[in-house]
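Using the hints, position chain P against chain L.
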Amino acid sequence: MSALAAVVLGATPAHAYLTETDRQTDFTAFTLQQNQLRLGVFEVEYGILDSLMVGTYTAPWVLWVVLQDPSVNAYAKWKFLDLGRFAMSARATAFYFDLDDVDLGDASDEGAFRTTIIPLTLAGSYIFDDHWTLSSEAIWVQSFVSGDATVDDMEAWGSGAQNNFQLTLNGEYRLSRVTALNLIVRWAPYVGNANTQANAQIDDATTADVEASVQFDELNNSWLIQPGVTFSWEYINIQVGVGYGDLFIPALRIVGADKTIVPDLAIFARF
Amino acid sequence: MSRWRPGWLALALVAAALVVGCEDEPTIPEGPDMTSLVSIYDDPTGTLNEQNVEDVAESAAEQLTRIDQFGELEFVQSTVESVDDAIESFATERGDDRVGGSLPVNGVARFKTICPGWGSAERLDEDANGSLNATLSFRDSEYLPSYFGSFVSCQFMVDDVEGMSTPLPVELDAKINAYIGPGVALDLANLESTLFELLGVGRLEGEEDFPFEVDFRVFTSGVVETRVPSDDGDVIPFVDAAVPGVVGIRASNGSFCCDFGERICIQTQGSSCEDVTVGDTQLTW
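As you go down the protein sequences, you meet chains L and P in turn.
Those letters in the first sequence? Residues 1 to 271, per this note's numbering, in order.
Those letters in the second sequence? Residues 1 to 285, per this note's numbering, in order.
By construction, these hints were calculated from the structure, which means they are not laboratory data.
Some hints here could point you the wrong way.
Stated by the list, open to error - Which chain P residues face chain L? A few, computed with CB under 7 Å, are given here:
| hint | residue |
| --- | --- |
| 1 | Glu25 |
| 2 | Pro26 |
| 3 | Phe90 |
| 4 | Pro104 |
| 5 | Val105 |
| 6 | Asn106 |
| 7 | Gly107 |
| 8 | Val108 |
| 9 | Ala109 |
| 10 | Arg110 |
| 11 | Phe111 |
| 12 | Ile114 |
Unchecked claim - A short list of chain L residues far from chain P (calculated; beta carbon distances all over 12 Å):
| hint | residue |
| --- | --- |
| 13 | Trp64 |
| 14 | Leu169 |
| 15 | Gln226 |
| 16 | Phe268 |
Claimed, not checked - Just a sample of chain P residues kept apart from chain L, beta carbon distances all over 12 Å, derived:
| hint | residue |
| --- | --- |
| 17 | Glu30 |
| 18 | Asp42 |
| 19 | Asn52 |
| 20 | Gln69 |
| 21 | Gly119 |
| 22 | Asp173 |
| 23 | Asn190 |
| 24 | Leu191 |
| 25 | Gly200 |
| 26 | Arg203 |
| 27 | Gly233 |
| 28 | Val247 |
| 29 | Ser271 |
Don't be surprised by glycine CBs; every beta carbon is placed ideally from N, CA and C.
Just chain L, with the same shape it has in the complex (with noise of 0.2 Å):
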């Protein structure tokens, strides 16, 4: 907390309307400014420099305090490349849970994983005019699943998540230093299947070794349309949207499927 202090304190009072340099850094190759900070319900990302800052999710923080699990993760986005009007960035973000007593269902005992997900993201923004700015993201995300998961009996190891590969399209409009218009296109041509391998002590004479293959075939090629709108006043930023297509996990960037309406919502200050 004295460091998130320090940078607080020491963050240069900078205005946070829609210009030139602040330029939204969701689903873009933009970073903050330097000694920039932005307090959000669900970030807090941090210009350690003009094209390098470094960020992370509120949530899982609230989990670690919740369930008493650690559950911590951060980011790190680099703009590499700064044409003025094109812009290239590398992203890294990476989760960790270590939950214990994880309930699993009627059909298990209680469990323990310990789960790293890093979504590794690599992004191109080109800034047409005042108004118009395309952004697009290639994400790849890798899980791992490891530790002692329970199912009856079984004691489970190797990669029981989801890796995915996905592309986003971010379209900005700006209407007024203020008020910006955001469709977002979001598509994910590869689910990778999850292997998993157990083996299960069935009774005193009796095991077994299962190994198994979750297919996400079907997830292939969800896709995600989500039109919105960024206010931004000199402090207060409000992002909303909402949007139809399957569900893409904040963050995380795992993908759930079945068709739905999608909400998004993000509120924080820019200093």
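Relative to the frame of chain L, chain P by itself:
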């Protein structure tokens, strides 16, 4: 002003992640192809007539007795059901990662059970009691039509052998193939029958080994079928727990219900001997 950073590093990170992500899926062993055998059970190729009925009846009685002595491999079936409970729980949990339903699961379960033995050794003494090993594969959350395994000097006791008041100690050293048919769900809820094929030797306590190469089909309804040769193909004798003392025989020329004690078979219109509708043909010997 433009600023260039070494972009290859970011690209390399993404490429490395792609490589890490390519993990091998489990190799799923296909079970033995038992379709030709199944087709004989479904459509017997041999006929039953005055000339062969005595030989067929003798072979059927001998084979059904052997199958009864080995408990229709109830020991295998109960073990598979226990393993299935674990597979079903495990696969269901693993496939339940989707909002609104379960995803299909592919996989394989290799199990080993120490046979119960004859009671003279410790229950978990594998050297004394032998073992049963088997492999069950599943795809799209359904078992493949057949599985396979082997008995290794597997000793167990069989209750309720006809004509015996005490459990019968038996031993099996054999390969086993089993056909459960397509589309059987992971909870076995829609399993109707299992066709076993045994290739090996059997032994009853105190007796010599004998070749035990037999196939038979066990229905959950209690019907047990086997296959014996006739002059021009195979016929399918069967017993039904609901109709004790009667042996049915399905042949290419019809279904018969037989009383081996009375040395008579009566052709019926139906395929069950539970409610015999007498036809035109009676075979005696």
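**Report entry** No chain L beta carbon within 12 Å of Asn190 of chain P's
**Finding:** holds (19 Å)
Query raised in the report: Hey, does Gly233 of chain P actually stay past 12 Å from chain L on C-beta?
Result: holds (39 Å)
Query raised in the report: Under the criterion of a CB-CB separation shorter than 7 Å, is Val108 of chain P in contact with chain L as hinted?
Result: holds (5 Å)
Query - Exclusion check [Asn52 of chain P not at the chain L interface, CB over 12 Å] - result: holds (44 Å)
**Report entry** Hint validity - Val105 of chain P Cβ closer than 7 Å to any chain L Cβ
**Finding:** holds (5 Å)
Query raised in the report: How about Asn106 of chain P: closest beta carbon in chain L under 7 Å, or not?
Result: holds (5 Å)
Query - Interface exclusion of Glu30 of chain P relative to chain L, criterion Cβ beyond 12 Å - result: holds (15 Å)
Report task. With a cut-off of 7 Å on the beta carbons, see whether Glu25 of chain P makes it to chain L. Result -> holds (5 Å)
Query raised in the report: Looking at Gln69 of chain P again, its CB stays over 12 Å from all of chain L?
Result: Consistent with the label, Gln69 of chain P stays out of reach of chain L, its closest Cβ about 22 Å off (over 12 Å).
Requested in this report: Compute the least Cβ-Cβ separation between Val247 of chain P and chain L, then decide whether it is above 12 Å.
Outcome: holds (35 Å)
**Report entry** 12 Å cut-off, C-beta based - Phe268 of chain L kept clear of every residue in chain P
**Finding:** holds (26 Å)
Report task. Let me know if the C-beta of Ile114 of chain P comes in closer than 7 Å to any C-beta of chain L, holds or violated. Result -> Holds, about 4 Å.
Of the numbered hints listed earlier, not one is contradicted by the structure.
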